[in-house]
Amino acid sequence: HRYLKVTFKDAEEADLSQLRFEFNNGGTFWFSENAEGTFLTANGTLIPDITESTQTVYIDLLASGVNLDFEGFHIHSAGAATGSFEIVDAELVSKYADAFDLENTLTLDDEDSPFIKTYNPTNPDYEYLGYVYAPNTDNHKYMLITYKGEEGADLSGLRLEFSSGGFFWFSENDQGTLRTISGGLIPVVSTNLKTVIIDLEKSGINLNFEGFHIHSSGVSTGNFEIVDAKLLSKLDKPELDLENGIVLDDEGSPFIKEYTPEGEGYGYLGYVYAPNNGLHRYLLVTYKGEEGADLSGLRLEFSSGGVFWFSENDQGTLLTIKGETIPAVTTEAQTVIIDLKASGVDLDFEGFHIHSNGASTGNFEIVDAKLISEKFIFEDLIAQLPVYETPDIFPPTLTITNSTSATPGSITITYEVSDDVSAVENIVIEIEVKKGADTITVTNNSFEATEGVYTVTVRATDEAGNETEETIQITVEAEEPEDPEDPEDPEDPEDPEDPKDPDEKGCKGCKDVATPAGLTFLSLVGLAIFFIRRKRS
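Take the sequence shown: its position 419, counted from the start at 1, is 419 in my numbering, and no numbers get skipped.
Don't read these hints as lab results, they were simulated from the structure.
The model shown is predicted, which means the values in this text are computed figures rather than measured ones.
Worth double-checking, as some hints may not be accurate.
Computed cross-link-like contacts, PhoX-like style, restricted to lysine-lysine with a CA-CA straight-line distance of at most 25 Å [to be verified]:
#: 1; residue 1: Lys202; residue 2: Lys234
#: 2; residue 1: Lys194; residue 2: Lys141
#: 3; residue 1: Lys5; residue 2: Lys341
#: 4; residue 1: Lys148; residue 2: Lys117
#: 5; residue 1: Lys141; residue 2: Lys202
Construct the entire structure; sequences and hints are all you get.
The following block contains the structure:
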């Protein structure tokens with residue numbers, strides 16, 4: 001939960017500026033500006049000073065710097081100097097609560113083709129998980145899903161194929177990506193329930209769909225469950241927190257009272273103390289007047305600057321949440337909510353002066369007046385939502401680059417590693433070398449090797465804890481000494497490459513002189529020469 005809703009009030013003249021919460025997972029955060037840590041409200045302001053009236057603030061834990069993964073917190077004070085005070089109500093709340101119309105939704109639990117169910121993919125690589133009937137006749141722009149998975153589940157390969165066209169994945173993908181209302185990716189599935197609101201329109205989905213098909217990566221997706229799923233829209237108007245706020249009934253300078261203006265053309269009706277520390281955007285006013293009263297000349301001059309009229313005026317006009325001017329006063333009580341911000345009022349005011357047209361204004365009464373806010377200032381909250389980083393669900397890529405053969409001596413293990421999210425310098429590398437059952441000591445990625453077979457395992461772990469490993473075997477053998485009778489020795493007369501050997505191609509018909517046939521041939525040649533010489537002589 002991102003927000004801590006706290007309702008508190010004063011029992012005496014308390015001072016909560018020294019109050020601070022020490023969270024069990026680290027960090028101390030103060031109710032006032034402090035270097036250790038400071039609580040900020042949903043509006044980005046400090047927690048307002050405590051008063052005798054009940055106040056409710058929404059502390060933005062995330063914006064304040066609190067690690068949201070806490071189990072509890074200790075409360076520290078300045079002791080007696082803090083004074084007596086009461087925490088009337090306190091609860092942790094999520095960012096989505098009153099920003100969306102949760103009463104007018106389409107729950108995706110069709111009897112024949114629901115989205116809400118348990119999924120158990122079994123096929124390798126790919127599996128079709130069915131069709132979801134989801135007739136978006138109201139053009140809902142958002143889809144709320146609550147989901148969880150068994151240990152090892154991975155929804156990054158899950159994608160929805162809408163009948164209006166297009167595939168949209170639970171992870172970053174060129175085909176289409178489902179985006180949350182914060183613009184981020186759908187958070188990685190875990191065994192704990194998670195709820196996310198998908199912005200269908202910003203994801204690029206044509207809202208005119210009848211349903212969608214579910215595709216998965218098969219058994220590698222793992223078992224998971226869609227616990228809740230519904231199409232929904234934002235509220236058309238803000239849901240206001242009418243129970244809390246600042247009632248303008250200060251004892252010395254209230255707004256709630258009866259007025260009897262006097263004077264010709266102008267009458268000053270007093271100052272209203274209205275310290276808008278919480279930067280409340282709205283002013284609720286219940287009013288009525290005697291017969292003939294006319295509040296069109298009534299105007300409020302705020303301490304933060306500017307004069308704003310109950311009727312159309314170039315100086316400034318008070319507008320209701322509907323963008324209209326304040327209705328004319330009648331003898332019956334009417335309640336109107338003025339949108340101070342839309343009217344142009346600087347919300348950082350301490351109070352305002354009331355001016356009238358004097359006696360012509362007539363007698364009137366402010367029956368109720370209160371500065372209020374939305375239960376959640378959802379436009380502001382959505383703008384402040386954290387953008388989920390790309391979930392790192394894939395292990396690093398790892399390759400051992402050593403040869404599988406080596407000679408005795410020092411061997412250095414070399415590898416190439418990369419990751420889609422983590423920087424290389426942030427990837428943890430572990431090297432294990434074994435020779436049989438013995439573990440070999442590795443120092444600076446190197447080890448001393450003798451003859452034998454070594455099993456080398458390299459493990460790489462990225463910042464998200466994803467791990468991969470690769471194993472090779474390196475056979476270590478000593479080099480054989482050179483053989484002097486090696487037929488490859490160029491001094492060997494029988495080496496076929498020796499230039500003194502007869503060329504096979506140039507002596508195809510020659511016979512080996514070392515054979516008996518060769519000797520007989522030479523003998524005959526010699527006899528012939530002998531007889532030729534005798535005849536000549």
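Problem set entry | Hints violated by the structure (numbers, ascending) | Per hint list: zero violations.
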